[in-house]
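Undergrad: Read off the chains here:
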Amino acid sequence: MAHMTMIEAIQNALDISMGRDEKVVVFGEDVGYFGGVFRCTAGLQKKYGKSRCFDTPISELGIVGAAVGMAAYGLKPCVEIQFADYVYPAYDQIVSEAARLRYRSAGGFTCPLVVRMPAGGGIYGGQTHSQSPEALFTHVAGLKTVVPSTPSDAKGLLTAAIEDPDPVIFLEPKRIYNGPFDGHHDRPIVPWKKHQGGQVEEGYYKIPLGQAAIRRPGKALTVLAYGTMVHVALAAVEEAGVDAEVIDLRTLMPLDAKTIMQSVKKTGRCVIVHEATQTSGFGAELAAQVQAECFYHLEAPVTRVAGWDTPYPHSQEWDYFPGPARIIRAITGVMESVQ
Amino acid sequence: MAHMTMIEAIQNALDISMGRDEKVVVFGEDVGYFGGVFRCTAGLQKKYGKSRCFDTPISELGIVGAAVGMAAYGLKPCVEIQFADYVYPAYDQIVSEAARLRYRSAGGFTCPLVVRMPAGGGIYGGQTHSQSPEALFTHVAGLKTVVPSTPSDAKGLLTAAIEDPDPVIFLEPKRIYNGPFDGHHDRPIVPWKKHQGGQVEEGYYKIPLGQAAIRRPGKALTVLAYGTMVHVALAAVEEAGVDAEVIDLRTLMPLDAKTIMQSVKKTGRCVIVHEATQTSGFGAELAAQVQAECFYHLEAPVTRVAGWDTPYPHSQEWDYFPGPARIIRAITGVMESVQ
Amino acid sequence: MDEHAPLSLTVPEPEVRPGGEPDFSSVKIPRAGAIRRPEVDEDPENMRDLAFGIIRVLNRDGEAVGPWAGTLSDDELRQGLEHMMTLRTYDARMMNAQRQGKTSFYMQHLGEEAVSCAFQRVLRPGDMNFPTYRQAGLLIASDYPLTTMMNQVYSNEADPLRGRQLPIMYSSKEHGFFSISGNLATQFIQAVGWAMASAISHDDKIAAAWIGDGSTAESDFHAALVFASTYKAPVVLNIVNNQWAISTFQGIARGGSGTFAARGHGFGIPALRVDGNDFLAVHAAGKWAAERARRNLGPTIVEYVTYRAGGHSTSDDPSAYRPKQESDAWPLGDPVLRLKAHLIARGLWSEERHTQLEAEVLDRVIASQKEAEAIGTLHTGRRPSARDMFEDVYAEMPPHLVAQRHQAGY
Amino acid sequence: MDEHAPLSLTVPEPEVRPGGEPDFSSVKIPRAGAIRRPEVDEDPENMRDLAFGIIRVLNRDGEAVGPWAGTLSDDELRQGLEHMMTLRTYDARMMNAQRQGKTSFYMQHLGEEAVSCAFQRVLRPGDMNFPTYRQAGLLIASDYPLTTMMNQVYSNEADPLRGRQLPIMYSSKEHGFFSISGNLATQFIQAVGWAMASAISHDDKIAAAWIGDGSTAESDFHAALVFASTYKAPVVLNIVNNQWAISTFQGIARGGSGTFAARGHGFGIPALRVDGNDFLAVHAAGKWAAERARRNLGPTIVEYVTYRAGGHSTSDDPSAYRPKQESDAWPLGDPVLRLKAHLIARGLWSEERHTQLEAEVLDRVIASQKEAEAIGTLHTGRRPSARDMFEDVYAEMPPHLVAQRHQAGY
Ligand SMILES: Cc1ncc(C[n+]2csc(CCOP(=O)(O)OP(=O)(O)O)c2C)c(N)n1
Ligand SMILES: Cc1ncc(C[n+]2csc(CCOP(=O)(O)OP(=O)(O)O)c2C)c(N)n1
Ligand SMILES: [Mg+2]
Ligand SMILES: [Mg+2]
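Chains as they are written, first to last, in my numbering: chain P, 1 to 339; chain A, 1001 to 1339; chain H, 2001 to 2410; chain Y, 3001 to 3410.
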């Protein structure tokens, strides 16, 4: 075991994967010599050479499009989009190409490709350094979508993503790159050192895609969250003093519906928390599934706490962020519901 | 009143809008001299000149990006994307630019822009001429999204979209361009002439965005649909022999939640039908809202009937399409639900 | 300050529209043999002229002349003729099959057969094409079975793509033919990535990217040029300028630049412009470009000047936007007739043998068609199961798809 | 067939990295006055050379020489100096304010002041810039109030963008300054669209598009060139080549082409390359390009060769990827010092007046800063309300947003 930040854990997963398999190549904007604006690829170019880790022109389309070709050749590209907010120029290559290559060629060509990108707000990044576009990927058949919430998970899930035979969207919640975050931006920052999830197994390991983790067992209600919001939800639950079961989805697609439904059937109540804009966010899919599967167990409407349906503003960031106060209000509302 | 196909109604709306306001300009691939591969812009170049209706290079990014600049200048561009499946190269200009221009400039610059595109399957178009990407737009704050189901609505809604001060995504269900479709592809084709919705008011009129239409009043359950699926749902309801209320959403964003909730509170049952892939489709948002608003009125889980979570296949098109049989099964299931 | 007249918008127009007299007098056509052939390692800056001429080998008398002549043996030339004739016959049969309702859609190559048939001969096993929908000659020239192609067009049970793809969207890794996408241009940057992967792996395989004149306006074209230029990817960047993009003439995509080949100049990428209806010229140019790639000298752009003699697809009627006789007026002639004339001029061929080969080819195509139709067509016979629809979305089917498959009754 | 060595990937590298000695000897710098000045309506094909030289007006002795000299009056030159000094002082204060936690982020112009300050002088009221984040000189040179700029940077209550945008993402229609996007390059094609709209409307306004060297790799750049070339849009396409894109040297975006200006050649768009640290040269080139646009002759590319002397932003430390002294070694000098030397050489300026102006400018900037800070900064004082967050998503607030605003307590 070692202490790692999420950045170090990601770098470590890349390092180990590149060391084990020379088909793994890593590239993106500022990813080579400099090691990435968040330092997730630090040292890799030096260690593995310029043709396995390199800087690219500023073209997200080019990065993903070239990666699709490389994956079709037989390499395993793991590329970085500098911010999730800048993935849209590559959106066509992701949804029309990477996602459907296996299907349209009936397995003749495949696309084992990972697109890593820092996502989420809470760093005063304004509307173009704060977005959480996961629902734009979960709607696309052929993609897998992963959002880790701890360094330990980030390493294991990224390793699994790189080894996955299909394209994986890997969203890294940048607000918790350096430490967990309970949603109280006015409190001192906590480093990963002080958090169980910052204890990272050394060497190679994987966490299978498609398995949620119960972060806090409980009986009174189920809270579904992922990424940064897992920590915010956990804090909110404590503050609310409710015996909630908090589930960290980890992988949105494929979804661990079993763990979710088991929990909601047990608790009869469900709150969903995410940072992305509410309308057509991934919470909509979760709510739709939960009410369909657990209809006869539900004692209150499934309730979403999400980013407002506005762009992510700069100075009003903490009014936008679905923080503890809003989560507690939702929990209280759901607990008070009586039929 | 005149008989029109949906294509003629769209052409007519464009013609009238261009005639009333010289700020309206129309362009896209094959849109100028030829009048569009579906003929929706036929005759406009001849009537209004090459600088108000013209062919563009094959660059969806360029079409929408230039339109954003034109809209900022003060024109009202109404552009065509040849198939909705080809909108992704323009996705960045739509979600990062058109959608947020008013917000980020605090109203200093605005983007009155319409992006028209034929959507939906049922024409053996395979995976790249069949998609229904509406949920990829409803998730984006700042966009409005419209899907008409009749020529009469198409004309009125398109006119409203062109006059709207904000960007509107206008999805045209190509399967019903020439006639309504009940989902039975093996039956003879019905022309719009024989359908009430094919009676189109002559001259200028608008149908306000954000208002649903109740296509069939009923008491037993509520069916929510839009575009092609309105007709399929209506046919399925008749075949099922259920007194369903069928609501045609017409505008997905802003959504006419009031009409929806009133209906579901009355019927206590809700089936949602759309052609797009189920996961994270717009049906998820509808289900999430309905169960939240109507929780205490619901007598069965809100049920979705949607495209499978696969690309839209070519030869298995009718197995993919959520046709009458699947809708009837869902209706029956929902009607049988007992608490 | 000076006063200026009000601005106005320029919208390029083709010289003639339906009703007018076809006129290609503005197309400058150098005589065969006139264009120089530089060494493959010459500095791209010194080859600028090649993007503005048209490399031609076959002259009016059917002779192969000039520095680009002589890259093919007699046997290869006869084989090339056969490939082009096969492609043309195949197209004609499939166009007809579509009209008969045996499939939903088809796209033919009429007039452009030389481009893909000749280019395929410069590739080696393991090289990879990233084609558009108008290069089936690559498959035919690499002996991909006609019946398999038809199975795909018919979406029948033996369709290697299991009915999932639109007709003609072939895919065969073994034949160096990347899965065709319905989305234009996306393959162009993928080809560059594939070539980069070959270089990263110290392999000796090269990639060939394909794009239409109209599609060069797409973003993927730019990404491809940027990446190919920066990383010197071993790739041939082929632009098939068949003068039309559905109803839109090539001047709309080309704008103020003289040629599509010239697009390479902003990237330091050498660019050739070739008579696409001249089998020998296509082969010679392709070979030169492939040699550059193999010697790690980087990418080359090749623009093939040709003409789409038929409609864009079975959904298109070109008489709505161009004169009906425009195709006959096209000054570069017909690729099949030109190669035939060359072979005859050289005494390697005769009218009789040609007629005989035509019959043979037709027999072969019909036999394949019977075989394919015996399996099934879009609406009849043995067809892929709806069960297939749920396969290959992922390597392993996730639970929600298993559930949906069950829901669908499979 | 020939045997070939295995392929390998080329990855361009800057000549020097931290620890090395800065070396710009490979940058070919023509002497001032050496580059010819064609007529604006000369055929683009005959101006190819201009994309490979560097138009320079100020020589080492501070004299303005050659055919591009003489576009500015003495007063305009002194005013230009003042604008550049104001921008530099403003930057220094805001960098510091960010360090003090008064805002979240800042981006400075150090070394690039001439580009935007000089270019703005070629525009007329009603023309529209589509800037990136490093052209605040356009605002300063059009007398946009410093306090208003600071209010934006501080996201205070008087921020015209109501706290919604990242600092420095200014927007002012009245000052011909299009709302800056955080997404690189998107504005480039928008500028072309705006210019097309002006032409469609028979207006006389022109657009100026701005992009960084690194961002030319983006798709929007290609779309802009295609559309500008096809429709002859009245737009100046400015490329600011400041040698770096965050940590990535310009060779990665540029690849095998000699210059960024050369990108125009594939589109028939004339391209100038200019000394971006020479106020007079920037103005002269910009004026030439603007004149082409106003005369409906179409687009012009102008590449400004300059150097980003500071970090990319307050989040960046360039010593991690380039030698610390590289900025001092930059051969084109400092734009402020060069213009100052020119004015002194011509007897229009003196060290004393310069020192005095420095003090005046500083006073003015400090006064504005006090004014802005009296209103508020990111974390203190009067700030936009959370209520504002829900406005301007649409012209009219739809029901679901009204409901959310209520939920938020407003
Ligand atoms: C991204 C995208 N946009 C639009 C289309 C529709 N479309 C199909 S073919 C075509 C014309 C292509 O012309 P060109 O590139 O010249 O190729 P050609 O058909 O002449 O071989 C268009 C616009 C598409 N398939 N994909
Ligand atoms: C679409 C997009 N991709 C990536 C980024 C992140 N990013 C911001 S600035 C920058 C470098 C831009 O370099 P250049 O265009 O040379 O402009 P400069 O900063 O040198 O003025 C990058 C990669 C972004 N803002 N938008
Ligand atoms: Mg073409
Ligand atoms: Mg730069």
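Hints should not be assumed to be uniformly reliable.
Stated by the list, open to error - Stretches of chain A that chain Y covers, calculated by requiring three or more beta carbons in the stretch to come under 8 Å of a beta carbon on chain Y:
1) 1049-1058
2) 1084-1097
3) 1100-1110
4) 1154-1163
5) 1246-1259
Stated by the list, open to error - With the C-beta cut set under 10 Å, the calculated list includes, among others, these residues of chain H facing chain P:
6) His2004
7) Pro2006
8) Pro2160
9) Ile2168
10) Ser2172
11) Ala2199
12) Ile2200
13) Asp2203
14) Leu2297
15) Ala2341
If you are wondering where the hints come from, they were derived from the structure by calculation, not from laboratory data.
Virtual Cβ for every residue (Gly too), placed ideally from N, Cα, C.
Undergrad: Does each hint hold? Answer for all of them.
TA: Going through the hints against the structure:
no.: 1; hint: 1049-1058; result: holds (count 4)
no.: 2; hint: 1084-1097; result: holds (count 5)
no.: 3; hint: 1100-1110; result: holds (count 10)
no.: 4; hint: 1154-1163; result: violated (count 0)
no.: 5; hint: 1246-1259; result: holds (count 5)
no.: 6; hint: His2004; result: violated, 36 Å
no.: 7; hint: Pro2006; result: violated, 35 Å
no.: 8; hint: Pro2160; result: holds, 6 Å
no.: 9; hint: Ile2168; result: violated, 13 Å
no.: 10; hint: Ser2172; result: holds, 7 Å
no.: 11; hint: Ala2199; result: holds, 7 Å
no.: 12; hint: Ile2200; result: holds, 5 Å
no.: 13; hint: Asp2203; result: holds, 8 Å
no.: 14; hint: Leu2297; result: violated, 17 Å
no.: 15; hint: Ala2341; result: violated, 39 Å
Hint compliance for this structure: hints 4, 6, 7, 9, 14 and 15 are broken, all remaining hints hold.
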